[in-house]
Amino acid sequence: MLDDFLVRATLASVGVALAAAPLGCFVIWRRMAYFGDSTAHAAVLGVALSLMLSAPLFVCVLGVCLLMAMTVSSLSGKGFAMDTLLGVMAHSSLAFGLVAVSFLSGIRIDLMSYLFGDILALGKTDLAVIWAGVLMVIGLVTLRWSGLLLSTLNPDLAHASGFNPKRERFILTLALAIVVAVAIKVVGVLLIAAMLIVPAATARPFSKTPEMMAIVAAALGATASLLGLRASYVLDSPTGPTIVSISALLFILVNVLLKVIPAFSLNASPSSDQST
Amino acid sequence: MDTNLVACDSLAVHLGKRQVLHDITLSVKAGEIVTLIGPNGSGKTTLFKALIGAVPLSSGVINKSSELNIGYVPQKLHIDETLPITVKRFLNLPGGHSKTVISNALIQAGVPNLENRQVMDLSGGQFQRVLLARALLGAPNLLLLDEPTQGLDHRGAAEFYRQIAGIRESTGCGIVMISHELHVVMRQTDRVICLNGHICCQGEPQSVSDSPEYQTLFGLDSDNEAALYLHQNHHQYVHTGNSLNA
Numbered sequence: 001m002l003d004d005f006l007v008r009a010t011l012a013s014v015g016v017a018l019a020a021a022p023l024g025c026f027v028i029w030r031r032m033a034y035f036g037d038s039t040a041h042a043a044v045l046g047v048a049l050s051l052m053l054s055a056p057l058f059v060c061v062l063g064v065c066l067l068m069a070m071t072v073s074s075l076s077g078k079g080f081a082m083d084t085l086l087g088v089m090a091h092s093s094l095a096f097g098l099v100a101v102s103f104l105s106g107i108r109i110d111l112m113s114y115l116f117g118d119i120l121a122l123g124k125t126d127l128a129v130i131w132a133g134v135l136m137v138i139g140l141v142t143l144r145w146s147g148l149l150l151s152t153l154n155p156d157l158a159h160a161s162g163f164n165p166k167r168e169r170f171i172l173t174l175a176l177a178i179v180v181a182v183a184i185k186v187v188g189v190l191l192i193a194a195m196l197i198v199p200a201a202t203a204r205p206f207s208k209t210p211e212m213m214a215i216v217a218a219a220l221g222a223t224a225s226l227l228g229l230r231a232s233y234v235l236d237s238p239t240g241p242t243i244v245s246i247s248a249l250l251f252i253l254v255n256v257l258l259k260v261i262p263a264f265s266l267n268a269s270p271s272s273d274q275s276t
Numbered sequence: 001m002d003t004n005l006v007a008c009d010s011l012a013v014h015l016g017k018r019q020v021l022h023d024i025t026l027s028v029k030a031g032e033i034v035t036l037i038g039p040n041g042s043g044k045t046t047l048f049k050a051l052i053g054a055v056p057l058s059s060g061v062i063n064k065s066s067e068l069n070i071g072y073v074p075q076k077l078h079i080d081e082t083l084p085i086t087v088k089r090f091l092n093l094p095g096g097h098s099k100t101v102i103s104n105a106l107i108q109a110g111v112p113n114l115e116n117r118q119v120m121d122l123s124g125g126q127f128q129r130v131l132l133a134r135a136l137l138g139a140p141n142l143l144l145l146d147e148p149t150q151g152l153d154h155r156g157a158a159e160f161y162r163q164i165a166g167i168r169e170s171t172g173c174g175i176v177m178i179s180h181e182l183h184v185v186m187r188q189t190d191r192v193i194c195l196n197g198h199i200c201c202q203g204e205p206q207s208v209s210d211s212p213e214y215q216t217l218f219g220l221d222s223d224n225e226a227a228l229y230l231h232q233n234h235h236q237y238v239h240t241g242n243s244l245n246a
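Protein sequence lines, in the order shown, are assigned to chains A and B. At position 62 of the first sequence the residue is numbered 62 (the working numbering), and the sequence of numbers has no breaks. At position 141 of the second sequence the residue is numbered 141 (the working numbering), and the sequence of numbers has no breaks.
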């Protein structure tokens, strides 16, 4: 069964969606969208390292992403605003990565597959690495759910309940780096952030609790992956971008339906106009 | 009743290179209501954070009674509108409380039957009380309340303080709260500690509000109504200019 490239592509994209969507909820709640995007951009430097050293892609990308996240976390608030640091770090690692890759001969074509993903070319080993990463992320987020959620709500409340918000933040950063490292071959560095954010944003109006939002987001992400894969087969379009397009169409559809039929929402108040 | 729940001895705290607190020696007993008062940047919230272990001490010690169980109400908790959460789920995080315990805590805090409401739909006053209910869940013997009446009008604030006094009556817990409204809390508080990096003065509410240290700190005469008015003005204009080495 795994010999069929379409089966491998389906398993890979559904796996990434299942890990990325619940994590994307935290990215949205903590207003880290730009952080996620920057981490993904930095991954290009990891790709370059992996090609130069002939080292495993997963390890190199994970290392670079973690290094960038740590640097940003430790430098923020010390004379630089967070988004300034992210802008500097993300784009310079992207630029250094692109320059480094240009020195290597014969991989110019490969680069496109890292920027936009090349899901149909995944091998069995790739699939195994992706699912190992996916299970790690789902495990981390599930096991640390209460601590992550409470630190997101308020770091002091987390402290008072015996959690260390800094450790929870590190766990989130680690999970984010793992998702980037496994998603790079599926949707490519430029579209990873969309896998995180779009399903979570679509899930928000249907959700009364954080848990519900994470589960709905995962379901929406997986649905978009399946539909996107099918659509890209029919339309002969690039798979990663097609998946993200379907995901975005779901977002638009849901929000248009909400405007037309307000009762469509399960939640009393998807908008902020009732908050005080 | 005469044993201390918590006692700080010569506490100092630095945030970065800035010394925020120094020479803080104080203690709180069960059944006692203590009000912390001081200008912005005087280290009130930092003192709370030191008590719950959220910031490290640069010197001094905090002796905690073996039975100490802190219920904490943080200042200005903002729940992002992107995060859907019911009151019930918010109270039961990290979890382990039964339905009855949760509904009793809401009753005790004066906001019964809010369980299924979305937190972001609550009014300011309701939300403050939900935070109080959250702090009461673990049956604490020391409540730390950081500006619990922020955003409430005077009547709402007075009601809130009566509720706090009622909780002290029924549970016998010690309560430390940060407040700007000395004249409102006066009737409900046993002791006032005036903070500005260090403890400027402390004692019974009336003696503190009459003391020259208190009046110098807030730059006002002894009339309490004028005190409140001037203090609120002081808030708007002075944000970062407070010298901590007073």
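Think of the hints as simulated: they come from the structure by calculation, not from any bench. Each hint should be verified, as a subset may be incorrect.
Unchecked claim - Computed cross-link-like contacts, EDC-like style, restricted to lysine to aspartate or glutamate with a CA-CA straight-line distance of at most 20 Å:
| id | chain 1 | residue 1 | chain 2 | residue 2 |
| --- | --- | --- | --- | --- |
| 1 | B | Lys88 | A | Glu211 |
| 2 | A | Lys208 | B | Glu169 |
| 3 | B | Lys76 | B | Glu181 |
| 4 | A | Lys208 | B | Asp80 |
| 5 | B | Lys76 | B | Asp153 |
| 6 | A | Lys208 | B | Asp121 |
| 7 | B | Lys76 | B | Glu147 |
| 8 | A | Lys259 | B | Glu213 |
| 9 | B | Lys76 | B | Asp121 |
| 10 | A | Lys208 | B | Glu115 |
| 11 | A | Lys124 | A | Asp3 |
| 12 | B | Lys29 | B | Asp153 |
| 13 | B | Lys99 | A | Asp110 |
| 14 | A | Lys259 | A | Asp236 |
| 15 | B | Lys29 | B | Glu169 |
These are the hints, each one checked on the structure:
{"no.": "1", "hint": "B:Lys88 / A:Glu211", "result": "13 Å, holds"}
{"no.": "2", "hint": "A:Lys208 / B:Glu169", "result": "36 Å, violated"}
{"no.": "3", "hint": "B:Lys76 / B:Glu181", "result": "17 Å, holds"}
{"no.": "4", "hint": "A:Lys208 / B:Asp80", "result": "14 Å, holds"}
{"no.": "5", "hint": "B:Lys76 / B:Asp153", "result": "16 Å, holds"}
{"no.": "6", "hint": "A:Lys208 / B:Asp121", "result": "12 Å, holds"}
{"no.": "7", "hint": "B:Lys76 / B:Glu147", "result": "8 Å, holds"}
{"no.": "8", "hint": "A:Lys259 / B:Glu213", "result": "59 Å, violated"}
{"no.": "9", "hint": "B:Lys76 / B:Asp121", "result": "16 Å, holds"}
{"no.": "10", "hint": "A:Lys208 / B:Glu115", "result": "12 Å, holds"}
{"no.": "11", "hint": "A:Lys124 / A:Asp3", "result": "8 Å, holds"}
{"no.": "12", "hint": "B:Lys29 / B:Asp153", "result": "30 Å, violated"}
{"no.": "13", "hint": "B:Lys99 / A:Asp110", "result": "57 Å, violated"}
{"no.": "14", "hint": "A:Lys259 / A:Asp236", "result": "33 Å, violated"}
{"no.": "15", "hint": "B:Lys29 / B:Glu169", "result": "14 Å, holds"}
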